[in-house]
Amino acid sequence: MTTYPQSPDAPAKPVEIVSRVVIRFAGDSGDGMQLTGERFTAETAGLGNDIATFPDFPAEIRAPAGTVPGVSAFQLQFADTKVLTPGDHPDVLVAMNPAALKSQLPITPRGATIVLNTDEFTRRNLAKVGYERDPRSDGTLESYQVHEVAITALTLGALEGSGLGKKDAERAKNMFALGLMSWLYNRPREGTLRFIDAKFAKKPLVAAANVKAFEAGWSFGETTETFAVSYEVAPAPMPKGVYRNITGNLALSYGLVAAAQKAGLPLFLGSYPITPASDILHTLAGLKRFGVRTFQAEDEIAGIGAALGASFGGSLGLTTTSGPGVALKTETIGLAVSLELPLIIVDVQRGGPSTGLPTKTEQADLFQAVLGRNGESPVPVVAPQSPADCFDAAMEAVRIAVTYRTPVFLLSDGYLANGSEPWLVPDAASLPTVDPAFTTELPEGGFLPYSRDPETLARPWAVPGTPGLEHRIGGLEKADGTGNISYDPANHDRMVRLRAAKVAGIARSIPPLAVDDPSGEADVLVLGWGSTYGPIAAAIADIRSRGGNVAQAHLRHLAPFPANTGEVLRAYRTVLIPEMNLGQLSLLIRGTFLVDAVGFNQVRGLPFTSAELVDAIEGLLGNGTTEGSA
Amino acid sequence: MTTYPQSPDAPAKPVEIVSRVVIRFAGDSGDGMQLTGERFTAETAGLGNDIATFPDFPAEIRAPAGTVPGVSAFQLQFADTKVLTPGDHPDVLVAMNPAALKSQLPITPRGATIVLNTDEFTRRNLAKVGYERDPRSDGTLESYQVHEVAITALTLGALEGSGLGKKDAERAKNMFALGLMSWLYNRPREGTLRFIDAKFAKKPLVAAANVKAFEAGWSFGETTETFAVSYEVAPAPMPKGVYRNITGNLALSYGLVAAAQKAGLPLFLGSYPITPASDILHTLAGLKRFGVRTFQAEDEIAGIGAALGASFGGSLGLTTTSGPGVALKTETIGLAVSLELPLIIVDVQRGGPSTGLPTKTEQADLFQAVLGRNGESPVPVVAPQSPADCFDAAMEAVRIAVTYRTPVFLLSDGYLANGSEPWLVPDAASLPTVDPAFTTELPEGGFLPYSRDPETLARPWAVPGTPGLEHRIGGLEKADGTGNISYDPANHDRMVRLRAAKVAGIARSIPPLAVDDPSGEADVLVLGWGSTYGPIAAAIADIRSRGGNVAQAHLRHLAPFPANTGEVLRAYRTVLIPEMNLGQLSLLIRGTFLVDAVGFNQVRGLPFTSAELVDAIEGLLGNGTTEGSA
Amino acid sequence: MTVDVALTKKDFTSDQEVRWCPGCGDYAILSAVQAFLPELAIPREDIVFISGIGCSSRFPYYVDTYGMHSIHGRAPAIASGLALSRPDLKVFVVTGDGDGLSIGGNHLLHALRRNVNITILLFNNRIYGLTKGQYSPTSEQGKITKSTPMGSLDNPFNPLSLVLGAEATFVARSIDSDRKHLTSVLREAATHQGSSFVEIYQNCNIFNDGAFDVLKDADTRDAATIRLEHGEPLQSATQSVIRAADGSLELVDGLRDDAVRHDAHAEDPSYAFGLSRLTTPTPIGVFRSVERPTYDRLMAEQLETARAAASDDADGMLGALLSGTDTWTVA
Amino acid sequence: MTVDVALTKKDFTSDQEVRWCPGCGDYAILSAVQAFLPELAIPREDIVFISGIGCSSRFPYYVDTYGMHSIHGRAPAIASGLALSRPDLKVFVVTGDGDGLSIGGNHLLHALRRNVNITILLFNNRIYGLTKGQYSPTSEQGKITKSTPMGSLDNPFNPLSLVLGAEATFVARSIDSDRKHLTSVLREAATHQGSSFVEIYQNCNIFNDGAFDVLKDADTRDAATIRLEHGEPLQSATQSVIRAADGSLELVDGLRDDAVRHDAHAEDPSYAFGLSRLTTPTPIGVFRSVERPTYDRLMAEQLETARAAASDDADGMLGALLSGTDTWTVA
Ligand SMILES: Cc1ncc(C[n+]2csc(CCOP(=O)(O)OP(=O)(O)O)c2C)c(N)n1
Ligand SMILES: Cc1ncc(C[n+]2csc(CCOP(=O)(O)OP(=O)(O)O)c2C)c(N)n1
Ligand code: SF4
Ligand code: SF4
Ligand SMILES: [Mg+2]
Ligand SMILES: [Mg+2]
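Chains as they are written, first to last, in the numbering used here: chain W, 1 to 630; chain Z, 631 to 1260; chain D, 1261 to 1591; chain X, 1592 to 1922.
Chain W on its own, in the form it takes in the complex (with noise of 0.2 Å):
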């Protein structure tokens, strides 16, 4: 840390100036901790700032208050260099009441900050939680720099005579902690006084309590003796270009509103809500502006229906889901393979088998989105890898639906969806396009809905309203060409193994798979997929930072695998696979290339930590450096 001279307008206490910093405020459902979180990340990203999220909210809307099950949780790093991940663990802690700090306190490291509204700490509020004894008092938070701040009590003394009752002033003790942290980190206080304008527009009492707050927040920091210093963190380096903060949900509707203007097709989701997907219904159904049609169907098998139906005649299908949902659709999956029509299938991951923990993440899926399908039904899957790259991976899910005629798995996951990061946006007039190729007119020798282009094997796309190219499809077996039914032994196989082709030779069109191992020295790879990579490459830069040597590779498809995926994997003494599942990735690879690659698998419902994986990749290289010593 640098202490650095002040600037005269600057605040009356030292600016220490950090590098890196990673905050968790934690709360009861009700006290807006989510939205403390991404008022606090904005403010962080327009400093120029890299930054990961990641909201962490219990199943239920709004769990008993007081309670360790209702604390919602909002945890952000933001730094002066490349942010992978949210963060470990919190360097500083916001606990608003007793249940925040007793559920969070077990990943809050000793050492560091945290702050406390002790206006909380009642006898009742304690023993809700099982805290037989004040933690404060009780050699508990020993070994933490705990600041007790009587948050309620002096948000309620800033708004006295605001106007506002009791309940509701208290209500705005959130925006006080915003205040409070963004006093002591510097941070900008405009963007936050613009939002709650904009949001409480229509209740300029609300509004106005809500900016005393903020402010009486940030004036505790600065005048009261309880914080000494407060902190900067310097702007990341970051390629030029205009930025915005963004969640892997947006990012994910984003792209597949850019995907489909940009291929000149009309999107249409059907869907049914299930958390964590429902976000992407929510904003495309805002969208209506770019022609997208979003229908809330009676449940998931219908909203992939009417999604194909949809796709039949000429739009872009889209469903939307989680686990759960993927399961009912996938008879309808079956008849998208058959037809060989375009449709983008997300599947936004969440903890299972069944119900499972339906707002915590997961990657177990990966079966189900690759295999899970009665006979030879092959689909391709893509998976986004960080918050901001499901932009790309929804467009690259469109380029090959709309290519190859076929239902395209897009597997997101929660972490994913509902963490943020900074994005470079990308100029509109310049994003890749795809061309639909429909068939316009009757082709010399008649028209063959099952003929195939030679390269992609695609069959042509031939919408309802084309003259003379009238055609019936369906799910039983088509004779190769024409379409028509066919029980033929022999055609079976052909179509069988044509559509196996079709899909396979999609690898053509990818990119290989590319191997981040700068030293060339690895001989242990680490083989991801999804929104591991944030940690995975967290881990392997703190190891590289130590001189250790080990490789990355991340796969964007998992069916089919880029052609050289096998070449690569046998370039390594050891691959190693973590996944947030018991191995999936890992027995597809095995299986598919011999090699014995090893897993590293959680599945609590959390992104890994970074921690956790150099362990696990240091393990590996400790028995490369002791080979033949044993």
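What the hints contain is simulated information worked out from the structure, not anything from laboratory work. None of these values were measured; they are calculated from a predicted model. Certain hints may be false.
DEER-style ranges, computed between Cβ atoms [what the hints assert, rightly or not]:
1) PRO454(W) to ILE1404(D): 48 to 58 Å
2) ASP1057(Z) to ALA1900(X): 20 to 30 Å
3) GLU1242(Z) to GLY1470(D): 40 to 50 Å
4) ASP1572(D) to PRO188(W): 34 to 44 Å
5) GLY619(W) to LYS712(Z): 46 to 56 Å
6) GLY871(Z) to GLY619(W): 55 to 65 Å
7) ARG740(Z) to ARG508(W): 42 to 52 Å
8) ILE1404(D) to GLU1820(X): 36 to 46 Å
9) ALA501(W) to GLY871(Z): 49 to 59 Å
Cβ coordinates follow ideal geometry from the N, Cα and C atoms, glycine included.
With chain W's structure known, arrange chains Z, D and X with the ligands on it following the hints.
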């Protein structure tokens, strides 16, 4: 062939003894070929031959008369030695019309005997199937032994004065054909005569006509000069006991009824009709006297839901379907995994993807059964290897489900379902039992619905109606022990691993994978699963009969694999896995055991012929002998 | 969406061999539909038939328009997506009593309540034909079938009561063999704005032969049916329907002057519902036909409103969306 | 199935923390049900609550009987299997407007037509609570929610019309906050033989607050509701329902002598259907309650018949089955 002297009351014509015969009856869907085949099978079984049958019919109820898609066929092989398949190709083809001839000729080897119903070879009928010239006279049948019989006319003639109209009389022509073939192979007549009487008990005119037609066919063989000799196939040496002929669907139904009775559990079937599984519903619906409840639900989801509800109530819940139905049941199977209740899911596989080839066989639902669910959702999978073996496989599925409190897949297929073979009827009293071990008393220390048996990891099964054990279960993640909702990360990881360990632990209760390798010198192992057993065993027998060495192993358990599987596989230079899919077991075996198994794959909707398998295996043996010489 | 050159039945006959059992009622319906389609004066390419699975659901293969033979029960959902995204098309759904009322019941009812612009033809043979004869949700209680050797236990649905309970705007019934009646019902159904539902009694001569004979046989049919005509009295050949004191519809002998006059356009579905409860004699014709905004029109309007407020510069609009309101620049 | 020791509300309160939002209408329903259950005089172990997914579907966790929190929409199917295989149990289904009418609509309607012996409580808050506020099949058209920022397009279901169209034998409606009324409806529903369906208007104070305020507020509720009592006139505090000339139910001002008298036992569902179309004022109470053989009883009878004809020697019977009639012996 041996001609042996006639006994005094034997037919006038010489009788030749043959060892094995493959007959194929083929005609219009309305011609009653299935019935004909079944009757011939019954007569043949009674003679003590070993038999295997293969009905092969179209998806339509009655496809247009006289067309190729409308042809319905029934093939059987019978012999004086072990019969493993219905035969690759017919020795005798009975073709009731030009469509039957046209469609079956490609699979009928030169030199075979063909019995034609010449009455149907009209110009119009020939044209309908695209015969420009009459195949009887244009040389097409040159290399066959053709018997032209005016079956229709002869039948009508025999029934003159029977009181039946022409149309009804004509319908008896399949009995003429049956009579003729019964004479030709010296089958006993009594069974068929009794059968006809029973079947048409309410229509004596029709019964009499059918008997007459049958006898006319018999006499025709005996008296006309068309057939110079008749044949006899001696009984096959078989273990002592009482035998019956049985189809896979029937054996499977009986296995479930027997297992339920032996477990003291009422069987509850929740099902929705679908080919080729519907007959199980039909059979069980007729077994109410065994306390079997059958519920034809509104769809597959309700079918399995009702079954699961019944399991919750202490019945043995069962649902029966085919691939598209499994797709719909996926979500509920996940719930059953989470609830840890016994449940049997029968999947009679058919050609896919999607609606596919409803009446054809395939093995392409293996991925779906083993891996096709959201989340980590392990389900044991058991597969029968022959029609009669469906009985034992069903009993085994019930044992696992009840012992381990888990849904279990029973993976049959269309070939097993409708095919038949002789079955040594087991003694009902000595069938194995399984103890549901209901918890009926409040255990000391309270009832923990998610406590576990230390050996099996099974949880208690305490059913409504048991005082003091009231509890609630559901699809959200449960706390280890109590079963209360838990969002705790460590608990989730523990529960996911517990469920996986429970299913993996089933391997301890199943026999090791047995290898048939009489010489002990084979270096190629053929590994199969499900209905490919017969063709593989036939192929291997053939190879061995010619001095080749090849080992065979067949998996009854697809999840978990027997404990010694890896060891077995690694003992062979080459492992060949023939499957009626694109390599599903192959991927699982390769991924699990890192063995470079080679697939032999066909997706033709038909069982393998043993000749194809011989080629495939010998190709590998060849490699073996030329090893090092390349 | 109108054509100059008059089309004929032949134009709507595809080159696929029809594969129903000889004598199946589906043939008559197919023929009636093919003969009726030219009347609509809609080009073939603008017509789509979507079906589920079942004997009836083979229908689309035989009509030379666009078509999809989808999966069991899902045709209304698929058709909804098509009709919503392509309001320029004329979309038909063909389904069976199993396909449409058993596995697909929910989709059917939701499509009807939404009033999506599709014409639904439900071939009711009171049996599962394609799977060879199990009872269906319209089979009479006690029916002996393959899956119910001691008789079925289920009380059947009355399809028309069911769809009326689901807010259907157009509800009708006809019979496979009565080409003239069927055609007139098809005409009204196909030109109705919104969802129309037509139950067509269809004979399955293999598994449920003669189910509707009393409505077809020359000697019984006139007494067994009430032919619904808007404004005309509710009467069979021998009986009349009058309004009982308690408000219910009552069947009385004779052709009476006080017979209730049919009102297909009653806003309140209660009247049509009451009518749907009459079974012997069986009313055939249009039970209900009322106007309500269609889902696809409402959706199109929202899109238009949203687009009207939007810019013409597609990339500009997309750029603005991607940037959002909270950006910063790294220079 | 009756108990000696009287049970109390406390006996039906499980040890699980209730996790609805403070102020949610579900609390009142839970409390009313728990208080009512002792009345049934059925031991706790013979009672089962089965639910789907939704806020409402958390219900079983809180009632100290057997219970299952299943998956979205499937509770009626699961409960059917349980009730059919265990006619000795009292089975309740708890569902929501999304769970029961959207994804689970088909199962609900089929259970009702079959008349399986289950008591279905549908908590209608006209919104998806658990997924945080999308519109549901009972949301009014034009509703602005997270998934319909420009207003929903769907015409809602009328749940009671829908279930009446599906042949339901018991149909009622009540309100979360009216403990007395709710209890009386629960009583009739729970003792009905066969499927009973109760729609309970439930306030979601987070996503659809006040949806039923007019039926609850002391100053509006009497005029806004018609309390149904068998044999009593159909009247709100200020209006009466009379039979119009065309047979329909008509609302008129004042408490009139010619008000229609409620007949909950009318065989023909047309009367109850007509009643279900009245929305302002809103009828609450039992719309329809008629007897029809229950599915589980019919099933049990078939089993008994079949067993009566069978032998007592279980192994002997099984042996005969396995052998069939066509055996041969290899000696
Ligand atoms: C998911 C699924 N379940 C079951 C089936 C089997 N199946 C095909 S059609 C059918 C019922 C047909 O009855 P209906 O809809 O009345 O049509 P019909 O054949 O009588 O015209 C069934 C159960 C299937 N194809 N797919
Ligand atoms: C298969 C599946 N689809 C979707 C969901 C998400 N989901 C859970 S509850 C619910 C709707 C809840 O609405 P409602 O039934 O009205 O219950 P409420 O929460 O309002 O009581 C949805 C869409 C799910 N859990 N499972
Ligand atoms: S089974 Fe019945 S419905 Fe199907 S084609 Fe044959 S006659 Fe028609
Ligand atoms: S979201 Fe609504 S229905 Fe759900 S618990 Fe909260 S108030 Fe109740
Ligand atoms: Mg039918
Ligand atoms: Mg609701």
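How the hints compare with the structure:
Between PRO454(W) and ILE1404(D) the CB atoms are about 56 Å apart, so this pair conforms to the stated range of 48 to 58 Å. ASP1057(Z) and ALA1900(X) have their C-beta atoms about 24 Å apart, which keeps the hinted 20 to 30 Å range intact. Taken as a hint, the range 40 to 50 Å holds for the pair GLU1242(Z) and GLY1470(D), whose Cβ atoms sit roughly 48 Å apart. Between ASP1572(D) and PRO188(W) the CB atoms are about 36 Å apart, so this pair conforms to the stated range of 34 to 44 Å.
One distance hint, 46 to 56 Å for the beta-carbon pair GLY619(W) and LYS712(Z), holds here, with the actual separation near 54 Å. In this structure the supplied range 55 to 65 Å holds for GLY871(Z) paired with GLY619(W), their Cβ-Cβ distance being about 59 Å. Restraint check, ARG740(Z) to ARG508(W): a C-beta distance of roughly 44 Å satisfies the suggested window 42 to 52 Å. Between ILE1404(D) and GLU1820(X) the Cβ separation comes to about 43 Å, which falls inside the hinted range of 36 to 46 Å.
For ALA501(W) and GLY871(Z), the Cβ-Cβ distance of about 50 Å falls inside the hinted range of 49 to 59 Å, so the restraint holds.
In this structure, every one of the numbered hints holds.
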